[in-house]
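Once you've looked at the hints, dock chain X against the given chain S.
There are 2 protein chains.
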Amino acid sequence: MNKVEVCFSPTLFQHFARKDTVVVVVDIFRATSAIVTAFQYGAKAVIPVSTIKEAREFQAKGFLAGGERNGEVVDGFAFGNSPFSYMNGGIAGREIVLTTTNGTRAINIAAKHSDSIVIGSFLNLGALARWTVLQDRDVVILCAGWKDRFNMEDSLFAGALTNLLLISGKFISDCDSANASCLVYRSARRNPLRFLSSCSHRKRLAHLHLEKDVEYCLRTDLTDAVPLLKEGRLVL
Amino acid sequence: MNKVEVCFSPTLFQHFARKDTVVVVVDIFRATSAIVTAFQYGAKAVIPVSTIKEAREFQAKGFLAGGERNGEVVDGFAFGNSPFSYMNGGIAGREIVLTTTNGTRAINIAAKHSDSIVIGSFLNLGALARWTVLQDRDVVILCAGWKDRFNMEDSLFAGALTNLLLISGKFISDCDSANASCLVYRSARRNPLRFLSSCSHRKRLAHLHLEKDVEYCLRTDLTDAVPLLKEGRLVL
Numbered sequence: 072m073n074k075v076e077v078c079f080s081p082t083l084f085q086h087f088a089r090k091d092t093v094v095v096v097v098d099i100f101r102a103t104s105a106i107v108t109a110f111q112y113g114a115k116a117v118i119p120v121s122t123i124k125e126a127r128e129f130q131a132k133g134f135l136a137g138g139e140r141n142g143e144v145v146d147g148f149a150f151g152n153s154p155f156s157y158m159n160g161g162i163a164g165r166e167i168v169l170t171t172t173n174g175t176r177a178i179n180i181a182a183k184h185s186d187s188i189v190i191g192s193f194l195n196l197g198a199l200a201r202w203t204v205l206q207d208r209d210v211v212i213l214c215a216g217w218k219d220r221f222n223m224e225d226s227l228f229a230g231a232l233t234n235l236l237l238i239s240g241k242f243i244s245d246c247d248s249a250n251a252s253c254l255v256y257r258s259a260r261r262n263p264l265r266f267l268s269s270c271s272h273r274k275r276l277a278h279l280h281l282e283k284d285v286e287y288c289l290r291t292d293l294t295d296a297v298p299l300l301k302e303g304r305l306v307l
Numbered sequence: 072m073n074k075v076e077v078c079f080s081p082t083l084f085q086h087f088a089r090k091d092t093v094v095v096v097v098d099i100f101r102a103t104s105a106i107v108t109a110f111q112y113g114a115k116a117v118i119p120v121s122t123i124k125e126a127r128e129f130q131a132k133g134f135l136a137g138g139e140r141n142g143e144v145v146d147g148f149a150f151g152n153s154p155f156s157y158m159n160g161g162i163a164g165r166e167i168v169l170t171t172t173n174g175t176r177a178i179n180i181a182a183k184h185s186d187s188i189v190i191g192s193f194l195n196l197g198a199l200a201r202w203t204v205l206q207d208r209d210v211v212i213l214c215a216g217w218k219d220r221f222n223m224e225d226s227l228f229a230g231a232l233t234n235l236l237l238i239s240g241k242f243i244s245d246c247d248s249a250n251a252s253c254l255v256y257r258s259a260r261r262n263p264l265r266f267l268s269s270c271s272h273r274k275r276l277a278h279l280h281l282e283k284d285v286e287y288c289l290r291t292d293l294t295d296a297v298p299l300l301k302e303g304r305l306v307l
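For the protein sequence lines, the chains are S and X, in the order given. With the numbering used here applied, the first sequence covers 72 to 307. With the numbering used here applied, the second sequence covers 72 to 307.
Bound conformation, chain S alone (with noise of 0.2 Å):
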């Protein structure tokens, strides 16, 4: 049996890496989730980085480049966080430039440590799901967070996979934020948007105007991409 576990921050992470370990990164609202879309649309790439200076400096080469800080675009950036952004026909078969917040630092956290770096949101939840269980190897969940602390989305959504992990019969959890995450997610999972109503990261978005990403970012397995981190390059 393998081993599924959930790391609440970053900052936690040393305590949770193994190099053989599949690593599962997640920011749901909203750079995982943007991802996977930009794959669904078509994305031929798309490469994390965790500074401003180095998106410039790709997009200096000709990258389509993506940036977001404290939930708004970066000045001069095509793109923001908003999966919604990704959705147009000129992203299909271009490389991306991203940088986020927490979620790109939080996978370039994560490949300091781990061979195997793949991105989830609820958007191709199942399809994750599935290509998880076929790895036969122990998996753990990053959470980003909102800077470097724990936030309710990201477990939430640690919770959903988790009890696909173990309803496979693969998977063990002996991992106290594991079955936390997993009290989460039975608490929410009838009404998501609802549960998540007094989220910390849910107001701050409410408050840029931006509940239309936000009920995007929940709904799930609109698309069975899952983006994995190769060299540096996130790709199908």
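In case anyone wonders, no lab produced these hints; they're calculated from the structure. One thing to keep in mind: the hints can contain errors.
The list cannot tell twin chains apart, which means a pair is met if one copy fits it or any two copies do.
For lysine-lysine, the following BS3-like pairs were computed, each having C-alpha atoms within a straight-line distance of at most 30 Å [to be verified]:
(1) 218 / 241
(2) 132 / 90
(3) 241 / 90
(4) 90 / 274
(5) 274 / 74
(6) 274 / 241
(7) 90 / 218
Just chain X now, kept in the frame of chain S:
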């Protein structure tokens, strides 16, 4: 209104730390339960230190010494962190130096950032909640966790205390980890012992034949002792 927040790991405490915040440190299995018990049985002070070396230096000066690593009593020390070991007449009026795997380290991390540190456990839950409401300040509940990882029993306690503070009408919570802790508490409150049967640290203690300690640490309101940190010493 004052805010209540929950920090799931000492590693994350830097994001919560403010000088004027009351910090409730909790390590249910078993350091903070043992400390509260020591005061219930008449201890004059408990000096929390982070290393065995420091504890031995106090011991050499004539202090009673308690030390625990990975659930077992440190060689040459009078106590570990079983609450039962502090239930004896010998500690009345005495000063005890204590070092444990997670709890005393969390206390000392909190002390670097805040002037107001208090010890929480189920054993003093009601008295602690009353004391905390009277302070009329923001509160962070710092879970010691297990070697910097989230654990279920400390977040269960955090949820129980958050619940009481919200009931008081003097506190609000805009913190996802406080809200998740309340979910854990609501799932567990009918039978905390059974709820925690799958939790990693309870299993670890069962392996060490410490089931009686686990049961004891989940009893509520056995004492009104509310230990506070004053110049490096816990006192009433």
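Right, here's what the structure says about each hint:
For the identical chains of this complex, residue 218 and residue 241 are inter-copy neighbours only, at 28 Å across copies versus 33 Å inside a copy, given an alpha-carbon limit of 30 Å. Within a single copy, residue 132 and residue 90 get their C-alpha atoms no closer than 32 Å, and across copies no closer than 47 Å, so neither meets the 30 Å cut-off. For a Cα distance limit of 30 Å, the shortest separation of residue 241 from residue 90 inside one copy, 20 Å, qualifies, whereas the shortest one across copies, 47 Å, does not. In this assembly of identical chains, residue 90 and residue 274 lie within 30 Å of each other by CA distance solely across copies; the values are 27 Å between and 36 Å within a copy.
Only between protomers do residue 274 and residue 74 lie at most 30 Å apart by alpha-carbon distance; the minimum there is 17 Å, versus 34 Å within a single protomer. With identical chains, the CA atoms of residue 274 and residue 241 are at most 30 Å apart between copies only, with a shortest distance of 22 Å across copies and 37 Å within one. Both within a single protomer and between protomers do residue 90 and residue 218 lie at most 30 Å apart by alpha-carbon distance, with minima of 25 Å and 20 Å respectively.
Checked against the numbered hints above, the structure violates only hint 2.
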